[in-house]
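Engineer: Spelled out, the chains give:
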Amino acid sequence: MNTSVQYLLKRLGIYTIAGWAAVTLNFFIPRMMPGDPVSVMFASFRGKLKPEAIEALKQTFGFTDEPLLNKYINYLSHLLKGDLGISTAYFPEKVSSIILSGLGWTLLLVGISLIISFVIGSLIGMIIAWKRDGKLDSILPPSFSFISSFPYFFTAMLLLYFLGFKLGWFPIRHAYNSDLIPGFNIEFIVSCLHHALLPASTLIFMGIGGWMLQMRNNMIGTISTDYISFAKSKGLSQKRIMIWYAAKNAILPIITSFGMAIGFILNGTILTEIIFSYPGQGYILFQAVQAQDFQLMQGIFLTITLSVLAANWLIDILVLILDPRTRK
Amino acid sequence: MNRTWYNRIWINNKARLGIIIVSIFIIIAAIGPIFFEDPNAYIDTPLLEPSFVHLFGTTGQGQDVFAQTIAGARSTLFIGFGTGILVVLLGLIVGSLSGYFGRRVDNVLSLIINIFLLMPGLPLMVIIAAWLPPGPFSIMGVLVFTGWAWNARVLRSQVLSLRERDFVNASVVSGESNIKVIIYQIWPQMLSLIMASFIGATVYAIGAQVGLEFLGLGDVDKVTWGNNLYWATNDLALLTGSWWTFVPTGLCIALVSFGLTLINYGIDEISNPRLLSERIVKSRLPNLFNRNGSTPVARKLFGK
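These protein sequences, in sequence, are chains R and D.
Numbered according to this note's numbering, the first sequence terminates at residue 329, and the numbering increases by one at each position without gaps.
Numbered according to this note's numbering, the second sequence terminates at residue 314, and the numbering increases by one at each position without gaps.
For the record, the hints were derived by calculation from the structure and aren't laboratory data.
Quick caveat, the model's predicted, so the values are computed rather than measured.
For every residue, glycine included, the Cβ atom is placed at its ideal position computed from N, Cα and C.
Certain hints may be false.
[What the hints assert, rightly or not] Cross-link-like lysine to any residue pairs, in silico, SDA-like; alpha carbons within 25 Å at most:
| hint | chain 1 | residue 1 | chain 2 | residue 2 |
| --- | --- | --- | --- | --- |
| 1 | R | LYS11 | D | LYS24 |
| 2 | R | LYS11 | D | ASN124 |
| 3 | D | LYS232 | R | PRO143 |
| 4 | R | LYS132 | D | LEU121 |
| 5 | R | LYS11 | D | ASN117 |
| 6 | R | LYS132 | D | ASP278 |
| 7 | R | LYS11 | D | LYS232 |
| 8 | D | LYS24 | R | PRO143 |
| 9 | D | LYS232 | R | ARG133 |
| 10 | R | LYS95 | R | LEU26 |
| 11 | D | LYS24 | R | LEU26 |
| 12 | R | LYS136 | D | LEU265 |
| 13 | R | LYS11 | D | LEU127 |
| 14 | R | LYS136 | D | LEU27 |
[Claimed, not checked] These stretches of chain D come out as covered by chain R in the derived footprint (C-beta under 8 Å, 3 or more residues):
| hint | segment |
| --- | --- |
| 15 | 49 to 60 |
| 16 | 136 to 145 |
| 17 | 164 to 170 |
| 18 | 243 to 255 |
With the hints as extra help, turn the sequences into a complete structure.
Structural biologist: Structure follows, in structure tokens:
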């Protein structure tokens, strides 16, 4: 068990370095860019804030004439207090509170769609790999790889147009009916699910193919190993071998790759949220880009990066629990 | 079986279909824009449905959708393939150095690769692109910066395994310089992987570039596929029901990516025969085994 702890600490070290790299990039990117970033950054505050207040903000974010190192330390200390600055797009709200307001929606969307697409995708992958001669194996992989060639937001636009706009089956914007007051009651939850269904199905639909192909390829590798032949010669039922012998091992590498997939899925989620005006991180990011709100953009980048890192660490722990080979 | 590599790719059905699709789009990108003087010009009433006068209808600003779809191919494919090349070059250099020299070099480079892999791509691209002056080269720079790590990791592991082979050790012992060993001994052995990485990187570049431009981070006055979609949503295509303003462009993007993915499947099947479905094995080697089936495998494959 000791080596496991060591391994987890080592991973934590890597994630900490990655987190620090993100924070540092966030600090240096505006300063490395051509032109005068400070005036660009604070241009949108003009007319909203008094010059003294702008000056104070510049102090806070280290856009002063101090040495670079001082600015950097100042920036880090503000970050540690959770101070990400003030948004110009949603003036005068704080960046951190805007991000927090959207975090739940994004987690809901990503969580639901990730789990469903993973389960469905792996199941299909398992079955088509087991029946290699079947029709499904020659139809599903190419059709899903065609589907996943669409940009996420294009699929989202198609679904929104046909199911939301033309047929009117689903609401076309926002996360819940705006007549309702958010609260823990049936009506509100149903409204949330109704609104999440279309964006989530976009993500599920686009995600299934990847999981399916990975599972199929892993299964094909597993099926040709000796222990499967042995299980067959013992006369175990096909279903038992498929699920408890082959799939059980084939799924482990996929869980390991979950961490990498999260970053990719988030990209899709961001674009999907924009299409559905779903008030998560992606939609806020879009608002920030439109309004040239750099503080908000950078705050979102940091939040998403740190969430991805945390998710990766949880997956490391999960793999350690599930796969005995990783615990020596 | 003494076929050259392009011959082996060509006889693979998936790869051949992919090559045909991609070539058609490259030809469109190369000569298409010649036929349209200015795809941004106002030519007719906005939001006309597709008709014989305007094959794909008109946009919310009275531009011809067909002209814009054709003209957009050039910039999008140029950035896509350009980024693909740069991403693979950078990934190849970093991956080779890391895999070949090992030890401390590998530790440092692997750490950098992993950090880049962990950072979520799109938000990082957005915060860089938002600062840069909009334009194709800014987008290319951003895509290379955020996209090289995946290839570096894949190529590194291949270099790592080739590094231990006898022929590499032989050339090292014979006094060949490290750079020469990498370029002349190792790289030729991994051509199919480099090719596959290049295609994968191009698919990534096309998707990410369209995503960035869709967010309005490209040069919105240029006609590209991403900008077509940006303008379609900006002109409220969904609320006015004008599907023709975004469907053609979206389909083109999907077709190009699909074509490239097909080529990659082909390469994968050639270099990893286990993936080759039994159906193909059957058609490829009809007379190798006794039809009656001399072994259980042969019976299963060719029996009945």
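Engineer: Now tell me, hint by hint, if it's right for this structure.
Structural biologist: Each hint tested on the structure:
1. R:LYS11 / D:LYS24: violated (43 Å)
2. R:LYS11 / D:ASN124: Status holds; Cα separation ~13 Å.
3. D:LYS232 / R:PRO143: violated (34 Å)
4. R:LYS132 / D:LEU121: violated (41 Å)
5. R:LYS11 / D:ASN117: Status holds; Cα separation ~13 Å.
6. R:LYS132 / D:ASP278: holds (21 Å)
7. R:LYS11 / D:LYS232: Not OK: R:LYS11 and D:LYS232 at ~47 Å, beyond 25 Å, violated.
8. D:LYS24 / R:PRO143: holds (9 Å)
9. D:LYS232 / R:ARG133: Not satisfied, since the Cα-Cα distance of roughly 47 Å exceeds 25 Å.
10. R:LYS95 / R:LEU26: holds (21 Å)
11. D:LYS24 / R:LEU26: Violated, at roughly 42 Å.
12. R:LYS136 / D:LEU265: Status holds; Cα separation ~24 Å.
13. R:LYS11 / D:LEU127: holds (17 Å)
14. R:LYS136 / D:LEU27: holds (20 Å)
15. 49 to 60: Answer violated; 0 residues pass the 8 Å Cβ test.
16. 136 to 145: Coverage by chain R holds here, the residue count being 7 at a Cβ distance below 8 Å.
17. 164 to 170: violated (count 0)
18. 243 to 255: Result for this restraint: holds, n = 6.
Hint violations for this structure: numbers 1, 3, 4, 7, 9, 11, 15 and 17, all remaining hints satisfied.
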